[in-house]
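Undergrad: Chains as they are written, first to last, in the numbering used here: chain Z, 1 to 289; chain B, 290 to 752.
Since the hints were made in silico from the structure, they are not lab data.
There may be inaccurate statements among the hints.
As the list claims (entries may be wrong) - List of simulated lysine-lysine pairs, DSBU-like, C-alpha gap at most 30 Å:
hint: 1; chain 1: B; residue 1: Lys681; chain 2: B; residue 2: Lys554
hint: 2; chain 1: B; residue 1: Lys308; chain 2: Z; residue 2: Lys199
hint: 3; chain 1: B; residue 1: Lys513; chain 2: Z; residue 2: Lys199
Each chain, written out:
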Amino acid sequence: MIEAPADAAKSFFDAGEFEQSREAALRGLADQPDDANLLRLVGRASAELTLPDATTYLERAVEIDPQSADAWRDLGDALLYENRLRDATNAFRQAVELRPDDVASLVQLAHAAYAAGDPEEAISHIRQAVGRDPNSHGARRALLAIYRAAGRDDDALAAAEELVESDPTDALAVLEVAELYLLLDHPVDASAAFARLRKIDDDPEHEIYAYHGMIEAEIRRQRWRRALDLTIEATRIDRLGRTTDLLAYVVAQVFGTSDRPAPSREEIDRELASSRAEHRRLHEESLVF
Amino acid sequence: MSSEVAAPPRPAQDVQWTKCPSCDAFVYHKRLKRNLGVCPECNYHFRLGVRERLAQLLDEGSFEDLSASIEPVDPLSFADSKPYSERLAAAQKKTGNREGALYGAATIDGNPLVVVIMDFAFIGGSMGSGVGEAITRAAELALERRLPLLSISASGGARMQEGCVSLMQLAKTSQAVARLHEEGLLFISLLVDPTYGGVSASFATLGDLLMSEPGSYIGFAGPKVIEQTIRQKLPDGFQTAEFLLDHGQLDLVEPRENLRNTLRKILAFHADAGQRDGGLPEASGATPINDPAQLGEGEPWEIVQLARHIERPNTLEYISYVFDDFQELAGDRLFDQDAAIVGGLAKLGEVTVMVLGHQKGHTTSEMMERNFGMPNPEGYRKGLRLMRYAAKFGLPVVTLVDTPGAYPGIGAEERGQSIAIGTSIMEMLRFPVPIVTVVTGEGGSGGGLVLAVRDGVLMMENS
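Assemble the whole structure, with the sequences as input and the hints as a guide.
TA: Have a look at this one:
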């Protein structure tokens, strides 16, 4: 039995064979040039293959079948590939209008809106996405990211805590909670969160960052003896010497002097912020590649 | 209008964006992946996992992983805040690999090679006994099959949890690649972000060619250690790939989008290295004169002026006229990248050659950038390094001479100008490959002689 072109195209697409998928769908289009599903399959495969005609096929698909939320979403995705943010936002808006519970489109719409320079619209859509699917970890992470980017740290903290509640082993979310507590001047909670982070982040190369966070919280609390104990512990595991300045600073606070010149508080704050940023970078990059 | 088959569904979890750590832009994952993991907004090169890296560089499906039998060991039953065995188990679960390095056979554009790659996600890419074994076995496989070796390093250094055993991997891996050098096999080392400590101080910097990507951090001691030891703020860009290139320690820094093609080109250069039967282009133009009586008589000062004329073609221009596929190689591997001497691999007809020469410029700023074609010791040492490379692989050498002489400077004397010149002249005369010299402009004093002593010396008219 000969497989229908759309079936073949879909099978190839699912298998990641985008060239074959595109060819099969194009064969189908030769007989059915107005088949919106085939047009979508060609467009999506073309987008994966970074061919410039992807949006042409997808625009044709929504023209033929303007009631298809999937077609609008595919068009939005292809426009994002091309970084056409305004057009992508419009396409996702159409998709969401047709299917308001489409969480994926809402998340895409939010990011496209944010990237296009409209953070409030972005937040509104992403909250809608989380409301539609409270179990979507991806949507919750996106909400947190957009809150943070928009400088809404209180809301970001609430979003981060919900993320941790849904997955207590999510090291990046715990790091967000810890960092946000620091930023919001709740060093006791920050200290507890960094301590939790130290336990759940299995990579030994990351342990030092959790220590630095705990030390930073104790410095904020001016609990110098505790800060000293933690700094000594951190120095023992820190083979790259990232704690030496910190040790000198804390020693100077405890004993009034240090065997090496102590850096200023501003320098220490900069180093600790840089340590947090590096830790975050390691986790964020590992989510992508 | 629509056929009945629905398009493949995609779960919400697939929808992902990443904030670029460099420019803070939200980047659509698919767009980022399409851009090979380089931020489309600011060109920041994200760190890649091993599979993504191999997929970008190697022919699809060509990698034959041979590292399955390599297991990490825990010789000290080490524990810090957690037992090492637990950390290993967690790293194995996280990466899906038994150890922090994979090796095997592969092809790049059909050119066979052996590849070993370190996984930074596996305990920071640290080198313990298992990783050292993977690198050593890769070198041995390259030796056995007489293939080039490509190593891809990303590592914080030796794996401290294995104590002295990990430290000895520096010796083991260095010796493994030494055998490749002795056997005349090509070893390309790609150092990516980050490569430090016992890895950068062993096999990873012992390649015939050292390559990296923009913005990669490479060094021995970490910047914090240095900063806190010397109590000085380090300059921006310290220990980046660009910094190393400027300081003569890398051959080339290529954007990620060019890496595969550059590797392909280098492998192709070496595929027929040492074969010199035929393949030279047809000679055209005037026949060289070797009878002094046939030379025209010009005013000496007029000829000197012509030889030094700022519009006279320079080495890079001659290379583009005469050779194909030039791949410039930089650095003396010691101190600096001297722009007054350029060199690299190229094709002369179908023959792979090493071509190098003094480089001047046509404008004042170009001249200053090239130090008016007056090399420092680093330039001569780069030239010598490239000629040694050619000798190792049996490549003919072409040198183009156009220099007023060696640079007369304090630093040049401090760093051994005389020794650099003397050593170059001595070794150049003894390399077991054909070397042809063309004086294209002027060749002043001992500094000019450095690239000009060999089998055949030609001079351009009015040079």
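Undergrad: Any hints from earlier that this structure breaks? Give me their numbers in increasing order, please.
TA: Per hint list: zero violations.
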